[in-house]
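Fit chain B to the known structure of chain A by using the hints.
So you can see what is in the structure, the chains are spelled out below.
Protein chains: 2
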Amino acid sequence: MDNDAGYWLGLSHVEGLGVRGAHKLIGHFGSPKAAYMASLTELEGSGLPAAVCQSVFTQAGMKEAEKEMEAATKADCQLVHFGSAEYPPLLRQIADPPLVLYARGDVQALSGHCLAVVGSRRPSAYGLQVARRLARDLAERSLVITSGLARGIDSSAHHGALEAKGKTIAVQGRGMDGIYPAENKKLAEKIAESGAVISEFPLGTGPTPENFPIRNRIISGLSLGVLVVEASEYSGSLITARLATEQNREVFAVPGNITTAQSFGPNHLIKQGAKLVDQWMDIVEEFPPEVRMQLLPSGKASDDGQGVEAAGALFEQSLTPEQKKVFEALRVDEALFVDTVLAAVPLPQAQVLQVLLELEMSDLIRQLPGKNFIRKL
Amino acid sequence: MDNDAGYWLGLSHVEGLGVRGAHKLIGHFGSPKAAYMASLTELEGSGLPAAVCQSVFTQAGMKEAEKEMEAATKADCQLVHFGSAEYPPLLRQIADPPLVLYARGDVQALSGHCLAVVGSRRPSAYGLQVARRLARDLAERSLVITSGLARGIDSSAHHGALEAKGKTIAVQGRGMDGIYPAENKKLAEKIAESGAVISEFPLGTGPTPENFPIRNRIISGLSLGVLVVEASEYSGSLITARLATEQNREVFAVPGNITTAQSFGPNHLIKQGAKLVDQWMDIVEEFPPEVRMQLLPSGKASDDGQGVEAAGALFEQSLTPEQKKVFEALRVDEALFVDTVLAAVPLPQAQVLQVLLELEMSDLIRQLPGKNFIRKL
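So the sequences go chain by chain: A and B. Going by numbering that gives the first Met the number 0, the residue at position 186 of the first sequence is 185; the numbering climbs one at a time, nothing skipped. Going by numbering that gives the first Met the number 0, the residue at position 166 of the second sequence is 165; the numbering climbs one at a time, nothing skipped.
These aren't lab readings, by the way, just hints derived from the structure by calculation.
Which copy? The list can't say, so a pair holds if one copy fits it or any two copies do.
List time: in silico DSSO-like cross-link candidates among lysine-lysine, alpha-carbon distance up to 30 angstroms:
#  : residue 1 : residue 2
1  : K375      : K270
2  : K270      : K370
3  : K23       : K370
4  : K32       : K66
5  : K73       : K62
6  : K274      : K370
7  : K270      : K323
8  : K270      : K324
9  : K73       : K184
10 : K324      : K370
11 : K274      : K375
12 : K164      : K274
Next comes chain A alone, as it looks inside the complex (with noise of 0.2 angstroms):
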């Protein structure tokens, strides 16, 4: 057992500290345990709260932290605190991470590429076949799908990855002793098989509605993005998208019939500015160069640290002979005038006019301002 992790799981158990307030304490000394073996004046020096201290002085949460940490080991649990290796990057930077996740799989998939897939608990039919296809898509490209093992969409996302041979994260809203819903306790085994099922919350924590906000901004943190699949209008998954904003993460929607209850939401956060998604390849796009060399198919792209052009060569195979001529006629990295590419092609004008109308609808390129065509990855 690592013993790191029961001065973090102490912390988490101070009264009146929180998380941000445990943050500021190890800001202060370096670690939970020089927090936990620091004078009483020291402790006051941080800053926090006189009670709050001496809760520290008098080493209040540790012997919660070893039932915990024994129970844990029952419910094959692995504890990944924050000073950890394995805690995972990205939540690393949100303001406020949570001090231990409880984690039953493999802790790696949490340090892969995480998309965030959320949505309606009573979507349409309509969006469980489309959260599952784009989920399935999406872990193709080796991202791991993160969400929150509700009913309806978030389990749509969860089996779409594990259809496409994919690692999907399950963040719970309740301890790690059960499974919520318990209806999923089939899916949250099989999501453990390749990726995980974590918690914040300490063994024992019920699935109360007060859990659900909280255990979404580790959805969102985990991801470098958030795709919301149909949500009603005061839905959480409209409150994850917030979060995922505030945490500068991306935000997706998939648009739907405005005459549908459950498209209100995703259609309302494209209004705000959420980028609309109708293919997998909306959402790569988006992503970091780094990031999307490492999704693309490798090859060529980590021979010679061409991941655009490899991405190009992805795209390609579905073109037309002649979508081709006029794809392969354009750059990268300079837009070129119509006249340029008129030139360039060896194919009667009206034709490429039409095909590069073609390449533009179908986002493999983009015309700029004053004619001038330009490929789009």
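Just chain B now, with coordinates in the frame of chain A:
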């Protein structure tokens, strides 16, 4: 019969001149009549090709114009030429405004605040319903709905405007001696009773495919913006949307399920920056304040020039008492910090925060960085 119209019509019949050439010529001489009266030397000074100058000098087009004017009268059409006060002001601003419009109905409608509603000729039931509803809602706020009289979305848009007893304009891709498609003859008659059916094509021009893109620039050119409701991948509606962008008009689109082919177009447009629309307000709020003031219910607005307040009043009708309290605590001209709002509203803190979220979801207020809130209109 307007005597000037003859010269404008004449120029539109000069071979090799074209709309842009004609405007260049008129720019040089001040009017079509002056161009026809000019000497050959003077004409050649305009910089147009010698053959074209020769044509104008020999009064080319004037005979056709005379016949055309008689035929227009017989066909119950007015001629609205570029020099006339009835020429639609927004259309005047595009790069290649038609020299003459043939119009049946009320030519004043052409100068109203127009919005184009266009889309697929093979829409889904959803598309038909939404086009009709949005056109009706917008026409109720006295927007003039412009469209192309085509089957599908266009027809639904015209019908929706008529249902609201509003005005609508059909822009034809053929001469005004017929209606295309023929099944819309009755619809065209109804449109002309309060709005107008128009065309720039001479009488006798058939509905050939190449006319439609040319016609589309008038649909967008008349309008403050273009709303696309369903459009498949290579649809004419997407061309209209592109023309709208080139004409500096707003592009709006109704999203739809990503599994529906007809929603590909609007979803694609939204990805490219078109504004997602799920209610009429989404459109109106993008218009300049002076336009909004004329559209929204008069009374207060026209009395004190506070169009913004009138808009607020309109939205407020649908608010709960709590929402109203919070909404009224906010300002239109200054964002308030959340603590200021909490202090100003005599409700529990949690409730105020919940109501702020509700108002934001309803698009009535906006949250600015740093927990500041402002009324949206």
